[in-house]
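Student: Listed below are the residues making up each chain.
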Amino acid sequence: MKTLHTFFFALLFATISVAQPPAYQRAMGEALGQMGAAESPDDLLAAANTFERISAQAPDQYLPNYYAALSLINRSFMLSTADEKDQSLNRALELVENAEKIAPGNSELETLRGYAFMAKLTVDPASRGQQFSALTYQSFGKAMAMDSNNPRPAALMARMELGTAQYFGSDTSKPCGMAQKAIALYEAEKATGFDPSWGRDLADQVAEGCK
Amino acid sequence: MIRFVLFALLLPVSGLGQTVLQGVIADKSGSTIPGVNVWITNTYDGGTTDPKGRFNFTTSSDSTLEIQASAVGFITARQIITRSSKEIEITLYEKVNELNAVSITAGSIEVSDKATSVVLKPLDIYTTAGAIGDITGAFNTLPGTMTVANDGRLFVRGGDATETAIFFDGLRVGNAYNTTGANVPTRNRFNPNLFKGTFFSTGGYSAEFGDALSSILSLESIDKPVRNQTDISLMSVGGGVASTFVGKNQSLTAEVNVLDLTPYQELIKQDIDFEQAPKGFSAQAVYRHNWGKDGLVKSFLQGSRNSLIIWNKLPGDDSRGQRTAIQNDFAFGNTSYKKMMAEKWLAEGGFSISSNTDKVAIDSNNYEIDEQLIHVKQKFTYYASDALKLRTGVELFAQTYDERIVASQLERGFNDTRVSVFTEGEYFAGNDFTFRAGFRSTAFGKANLVNLEPRLAAAYRPYKEGTISLAAGMFSQTQSADFTVLNDDILPSQSKHLQLSFQHSDGNRTLRAEGYLKSYDRLALANGTTDGEGYAHGFDVFYRDRGSIANLDFWVTYSFVQSRRQFGSFTTQVQPSYAPAHNISVVGKYWVEQWKTLFGATWAMNSGFSYDDLNRPGEMESITPAFASLSLNASYLIRQNLILHVACNNVLGRDNVFGYDYSSATDENGQFQSISRGQVAKRFAFVAIFWTISTDKKANQLNNL
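Read top to bottom, the protein sequences are chains B and A. Numbering-wise, this note's numbering puts 207 at position 207 of the first sequence, and it's gapless, one number per residue. Quick note, this note's numbering runs 211 ahead of the 1-based positions in the second sequence.
Source of the hints: derived by calculation from the structure; they are not laboratory data. Computed from a predicted structure; not experimentally measured. Here a beta-carbon is modelled for each residue, glycine too, at the ideal position from N, C-alpha and C. Treat each hint with caution, since some may be false.
Pair by pair, the computed Cβ-Cβ distance ranges are [to be verified]: (1) A237(A) / D201(B): 35 to 43 Å; (2) V283(A) / F77(B): 45 to 53 Å; (3) E277(A) / G163(B): 22 to 30 Å; (4) T252(A) / E94(B): 15 to 23 Å; (5) S197(B) / Y304(A): 36 to 44 Å; (6) D201(B) / T252(A): 34 to 42 Å; (7) Q166(B) / G889(A): 49 to 57 Å.
Using the sequences and the hints, build the whole thing.
Tutor: Next up, the structure:
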């Protein structure tokens, strides 16, 4: 029994050490913890910086850039001035592009781009609504086409569409259906390693809002 | 075994002794910088500076280390330290480039979505009360403009409307306004939805622009529409359909519009006697094609026909007066490109052709006027370094003009060719100083003249939100066709600008104040000479506030100008009729969330127009009563893609007078009879529905837009 455990552990260790050096593993684990614990825009910038440092050490991994961008997008919602928000979001979009050079055609990155556009829209909805709502929907649509099992574009799109539908008092069945679909995809999702797994709460919120 | 593996895992962490590195990051002025990423090269060890610019983190690396610090907007710094360093101090230097550098605000007003602090956004053109979706109407609320509501064109800082040159993607538009009858205000021919941004300069502009004594209005069309869509507008005065098709490397927008004021005028009595209400149609198309990865080619084509018939009462005459029938045919096409030719070389260029035909019948006399303008332009920008940008280009203008009296086949006209070259450099001496210097030289074909016009500008940032800038230059403009047709080698008129500007902009609030001196020389006179001179001195103040009161966005503009010039048949320097001394605009927009409605109000006033009272001694010695107009509008967002817009101009029904016309001979009492130039109607009401249908297949599947 003990030998078996040892064997599995050794195997796991071996796998990790071949694919990703332990320092990367540890650094990513810590950085994700830092991002999760962030309470202020400063905390999120610090988390984004940590991911950027990891990215410099692991240039073949797209996830450090991915999480740096995600931290900066989430940070933009906490900032107060439009210029600061835009600066944070522009940097996030740059990081998404950097990550796409490592992992082209990645559904998670396209989702993140849509999320950044969504954040840009909220900075100035009156002026940016037309352009950025189209760009946001396009990105989420592309992300779904790239990976129909990715729950995040569905959850984000449901969130955005529900808001619009409720605001104009129109039919909410489509975003509500999409939220249910997103929840089902989250149920089925087997996130491995540091793969993105966030957004379930968003889908639940939309589903709650549909009741 | 497990122990061993665990030990191996932990080894890199605890195997070597750890050192805490700490310090502070500051800019060259000593102010600390928060949010800086600090790390040891080739390791995961690092941290972020706190709000006081301090960092500390642990490292287990060797005794001699390279530490790096990077932050957005700064050059990444590297420094060699030892593990025993107690307090590390790193200075970060700001990146000097166009993006960070202070920009020259003197005379320039940018309309774009690029930054939230811009003076005006493209959407403002639609939501400014009084403008009714007219580009010029919205610009008439900005500093440096004069409200001449019976004309509708842009009058800048005491200059006449022809002194503002209008460009479409950098290429000149001839006859940018529709031809109308006396006292019937015109509109800009281009729909604001074509443009992503506008650059408006009220003086001191770059050497790139010429043939304009006072001002530049440069319209930049949309580069890449985001999706397939169809826009339908149904208005009380007409309607239109525009469709956009977006492909991978190309896109096409095609649009038709019809305008007919007949039903409106049947419903609401007009003060001007229309035999035929203004009506017309226009069709336009824009085609855009990517050129490689970083290039773009755009072509635009517009054709339109507009007509109206009015009767103008004549002073001292009780009959219906004089009948004027106007039919205007206009076509404009341009093709422009921009492309990075080499790493640091941007090439831009293109050509435009404007063609305008007016068929005018005054009573039984028929006239025809044909005008064509061709503009060819090629420009290169060389980014010598982040701090230095050089621009050079060459332009060709070819103009033909022909007017005929139809009955007698009497005809006269002219054609002229001009070639201009320009060169300009922009230097960013740090991010707080910007200098621009250049010159423009034009060879005027018929006038057999080569001129040289220096242009200079500088900007300084005394503090983060402030800009002080200065601009000066010499400008020229060919004489209007009225004079050139009589004398085709007439010299161009000239002006000199000097202006000093201060701007404070902190995101939601913008305050601008600008003073200027402008002198005019070689203005054409009725006696055939170009001995006219003049000046326009003044200042304007602008304040826009988007943030102080929730949901309220407002701006206040005050423009003062003292304009005097000898021109046309005047024998002395007079105040032109289009240059009221005091001009005020107050524009407000208020968003009511629960009604999903944006309310707008614009109050425009000026101190009155000068006019020549033939019964009084002197020239242009009289001033009309003050002009004032309150306009209201409301845009109701029925659905995300459906807007109901209602508007009313001059809601208070104020009787504004723009001047007087006098009889050509005195009556029995020795007086010249007069008649006032009034408004088309007391009020103008407007209702429209704007509907956008997305025809993007992908978008359609995913949302109901």
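Student: Find the hints from earlier in the document that the structure breaks and name them by number, from lowest to highest.
Tutor: Result: hints 2, 3 break, sorted rising.
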